[in-house]
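Quick mapping for you: the protein sequence lines, in order, are chains B and H. In this text, residue positions in the first sequence follow this note's numbering: the first is 1, and each later residue adds one. In this text, residue positions in the second sequence follow this note's numbering: the first is 1, and each later residue adds one.
Just so you know, the hints here were simulated from the structure itself, not pulled from any lab data. Heads up, some of the hints might be wrong.
What the hints assert, rightly or not - Cβ-to-Cβ under 8 angstroms is the rule here; a few derived chain H residues that face chain B:
| # | residue |
| --- | --- |
| 1 | Val-18 |
| 2 | Phe-35 |
| 3 | Ala-36 |
| 4 | Gly-38 |
| 5 | Pro-137 |
| 6 | Leu-143 |
| 7 | His-163 |
Here a beta-carbon is modelled for each residue, glycine too, at the ideal position from N, C-alpha and C.
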Amino acid sequence: MAITDVFRRPPSGSPTDPTPGDRPSPRRRDTGMMLELVGSAVAGLAVVWVVFAVAGINAPLGFAACWFGVFFTLYGILCWRQHGPMIAKDRMATVAIWAGALVALAALAAVILYVLIKGLVAVASDFPHFLVADMTKLGGNAKITDVGVGAAIVGTVEQVALAFIITVPLAIFTATYLVSSDGPFARTVSSVVDAMTGSPAIIAGLFVYLLWTQPHHHSGKSGFAAALALAVMMLPVVTRAAQEVLAIVPGSLREAALALGAPEWRVLLRVVLPTARAGLTTAVILGVARIAGETAPVFFNAGGLAAYNWNPFSGQQDDLPLRIYELVYQPSPVAVQAAWGASLVLIILVIVLFITARMLGKSTPGKHRMPWVRRTRAVDDDPEQLIMTSIATPFPIAPPGTNGPRP
Amino acid sequence: MTAVLTPPPTDLPPVVDVPIRINRTGTRFDKVFRFALGSSAGFVLLVLASVVVFLAAYGWQALKIAGIRFFTDSSWSPQTGHFGASSLLLGSIAIAVVSVAIAGPISLAAALMINEYAPTWLRGFLTGVVDMLATVPSIVYGLWGLYLISNLQAAPAKWITDHFGFVPFFRTPTPGVFVQSVFACGLVCACTLIPIITSVSREVMAQTPRDACEAALGLGGTRWGMVTDVILPFSRNGIVGAFLLGFGRGLGETFIVVLVLSPANKVTTAIMGPNGLGSIAKQITEDYLTASPVNASALIVLGLILFLTTLLVNVGARAVVGRSKA
Numbered sequence: 001m002a003i004t005d006v007f008r009r010p011p012s013g014s015p016t017d018p019t020p021g022d023r024p025s026p027r028r029r030d031t032g033m034m035l036e037l038v039g040s041a042v043a044g045l046a047v048v049w050v051v052f053a054v055a056g057i058n059a060p061l062g063f064a065a066c067w068f069g070v071f072f073t074l075y076g077i078l079c080w081r082q083h084g085p086m087i088a089k090d091r092m093a094t095v096a097i098w099a100g101a102l103v104a105l106a107a108l109a110a111v112i113l114y115v116l117i118k119g120l121v122a123v124a125s126d127f128p129h130f131l132v133a134d135m136t137k138l139g140g141n142a143k144i145t146d147v148g149v150g151a152a153i154v155g156t157v158e159q160v161a162l163a164f165i166i167t168v169p170l171a172i173f174t175a176t177y178l179v180s181s182d183g184p185f186a187r188t189v190s191s192v193v194d195a196m197t198g199s200p201a202i203i204a205g206l207f208v209y210l211l212w213t214q215p216h217h218h219s220g221k222s223g224f225a226a227a228l229a230l231a232v233m234m235l236p237v238v239t240r241a242a243q244e245v246l247a248i249v250p251g252s253l254r255e256a257a258l259a260l261g262a263p264e265w266r267v268l269l270r271v272v273l274p275t276a277r278a279g280l281t282t283a284v285i286l287g288v289a290r291i292a293g294e295t296a297p298v299f300f301n302a303g304g305l306a307a308y309n310w311n312p313f314s315g316q317q318d319d320l321p322l323r324i325y326e327l328v329y330q331p332s333p334v335a336v337q338a339a340w341g342a343s344l345v346l347i348i349l350v351i352v353l354f355i356t357a358r359m360l361g362k363s364t365p366g367k368h369r370m371p372w373v374r375r376t377r378a379v380d381d382d383p384e385q386l387i388m389t390s391i392a393t394p395f396p397i398a399p400p401g402t403n404g405p406r407p
Numbered sequence: 001m002t003a004v005l006t007p008p009p010t011d012l013p014p015v016v017d018v019p020i021r022i023n024r025t026g027t028r029f030d031k032v033f034r035f036a037l038g039s040s041a042g043f044v045l046l047v048l049a050s051v052v053v054f055l056a057a058y059g060w061q062a063l064k065i066a067g068i069r070f071f072t073d074s075s076w077s078p079q080t081g082h083f084g085a086s087s088l089l090l091g092s093i094a095i096a097v098v099s100v101a102i103a104g105p106i107s108l109a110a111a112l113m114i115n116e117y118a119p120t121w122l123r124g125f126l127t128g129v130v131d132m133l134a135t136v137p138s139i140v141y142g143l144w145g146l147y148l149i150s151n152l153q154a155a156p157a158k159w160i161t162d163h164f165g166f167v168p169f170f171r172t173p174t175p176g177v178f179v180q181s182v183f184a185c186g187l188v189c190a191c192t193l194i195p196i197i198t199s200v201s202r203e204v205m206a207q208t209p210r211d212a213c214e215a216a217l218g219l220g221g222t223r224w225g226m227v228t229d230v231i232l233p234f235s236r237n238g239i240v241g242a243f244l245l246g247f248g249r250g251l252g253e254t255f256i257v258v259l260v261l262s263p264a265n266k267v268t269t270a271i272m273g274p275n276g277l278g279s280i281a282k283q284i285t286e287d288y289l290t291a292s293p294v295n296a297s298a299l300i301v302l303g304l305i306l307f308l309t310t311l312l313v314n315v316g317a318r319a320v321v322g323r324s325k326a
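Construct the entire structure; sequences and hints are all you get.
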């Protein structure tokens, strides 16, 4: 690619080099630029309006699309005439990128707002009732104030907590092992964990159903079985994130502790893990936030129950995602209303977990017994982002140490 | 001054430099500890590997009966001896392709906007918001798709079918009906993929050496010139990886498809209406708990096919990203 492509064409007819004082700032937004932008938008609106009015078309989405198309073309032509192809391309790209980003944000905001509006009807009517009642009264002429998702909340919390208890020690031990040893076995485990990170949730559900739920016949479906399925989903996710966090604990810390004569297990428990604590906490909570809303693993294994069941080890148990799914297929409008309410509760649960994780990730590892640990940030760069990426991806984006400076 | 030099004793052995053996085995508890770490890694490996083993073992019954007919039969009806998974697999792939085709460019624009175009004070906030949206459960998107998007997209889908019907994809298997289609599913799945692809590709693009970007600007390049000649070439593999990752997610997406799609498990290229291609995840979810033994076994084989396809995509993504590091 020719580097000359990047050069801006010199303005035609400029007499001599301007003195530094006269040189315009490269990012200056001058009135001419705004005028071109607004003028094209208004002209596009006018053209499309006239065409749509004359043709008698009534399609708001089509109107918006056509307006953007005409505006984009007009603006392109205008900039090309005024400033030449290089600047025209830059301006058009800027418009396209902002438009794409706004579409993305609008779509995501639409989801949240729609759930908020629909869900508030259920949650806010007779306020705490929806959060504590169960679904046993759902039926022919039940009102929204008769039902609630209390049982489902209990189920979700218990199942996620059980999955947490099963997963976290295993994941952190495994991650420690993968970071501290480098043999064919460690490499195999590492690549299997990577491969499983992106596997479909329904596979985890099916696996635990075959392994645990089906052999136990009637007593099989329980909160515990659902927790097992969630744990199978969560295990690779948390392991990989923890691995990323542990890998960037400075080696000099470990070596200093070993040189002082500390045995390896003490180095791990008292130096490495405390140093990485903030990052590990973030990794674990983000893993929890990701699995809390998974439907497929609990679908086969929790069973669902309208009434409260506080014991996850015996009997079927309810669960928020499962409850939403079952409510959608009920014939009454009240059930659908309750489904929106349950969705809102689920989103709020996940977002609270997410924000907690971010806040813990931001706090520097502080209260340690060893003074030298205190001065070292576990993650020197941007811990939340690193963990987030590692949770989202089944492969490392950039090995530690290759990070370029950020914008 | 008389130097009193005692001659070195000759009977001592010559000094040989022998490095001290460092006791690298550690204490006894270290061994126990290492063993605990290793066995937990082994346990994780066991659990994850047994996923494949279990699926294969339970699917064996159907595999023995049908074998290659999973890919050659035309229809899916295991009770009557038809094991054609092609419509289901094609449907899953079609949904993933549509969703990546929609989400990809939009996510790329969003990632570039956050990194390069947004005002600096907004960047951290937007990054956080995108990451947060990546954790919104997909069943919520499914509900949203079922009640809002499936109907909203019907009019544009009709318009596309009317004007671009010469392309085999832009047709509907049920004339005049445009809801609950593969396209609608892809549209809703695209919304779940946007935060994921944006987050990953934004992170990749942020790795571009800043001095190279500034050099391009310093030479008088435009911002778009910097994007096309510095950032995109540098992060090309990472972006392809992000797209493949989104593709894998789209393949495994279950409850959006269960709620939105209305299939007839036919092999067709028309994706704009109901009663067309099926979906593996939907078939398993809806049939498994009430299925007869042979049917259940066949559904598990479907699960295995889905799992291996996703694995292939993820391994491919890994390979592509591994090749990067410009």
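Exercise for the section: Would you check whether Gly-38/H satisfies its interface hint, that is, whether its CB is within less than 8 angstroms of any CB in chain B? Expected result: holds (6 angstroms)
Handout entry: Closest C-beta approach of His-163/H to chain B relative to 8 angstroms, hint status
Key = Violated, because the Cβ-Cβ distance from His-163/H to chain B comes to roughly 11 angstroms (cut-off 8 angstroms).
Exercise for the section: Verify the interface restraint on Phe-35/H: the C-beta must sit less than 8 angstroms from at least one C-beta of chain B. Expected result: violated (10 angstroms)
Handout entry: Given hint Leu-143/H near chain B, where the shortest CB pair must fall under 8 angstroms
Key = holds (6 angstroms)
Practice task
Against chain B, run the beta carbon of Ala-36/H and see if the smallest gap drops under 8 angstroms.
Solution key: At 7 angstroms from the nearest chain B Cβ, Ala-36/H passes the 8 angstroms test, so the hint holds.
Handout entry: Cut-off 8 angstroms, beta-carbon criterion: hint that Val-18/H touches chain B
Key = Cβ of Val-18/H sits 21 angstroms from chain B, so the hint is violated.
Handout entry: Hinted contact Pro-137/H with chain B - closest CB pair below 8 angstroms
Key = holds (2 angstroms)
The structure shown violates the earlier hints numbered 1, 2 and 7.
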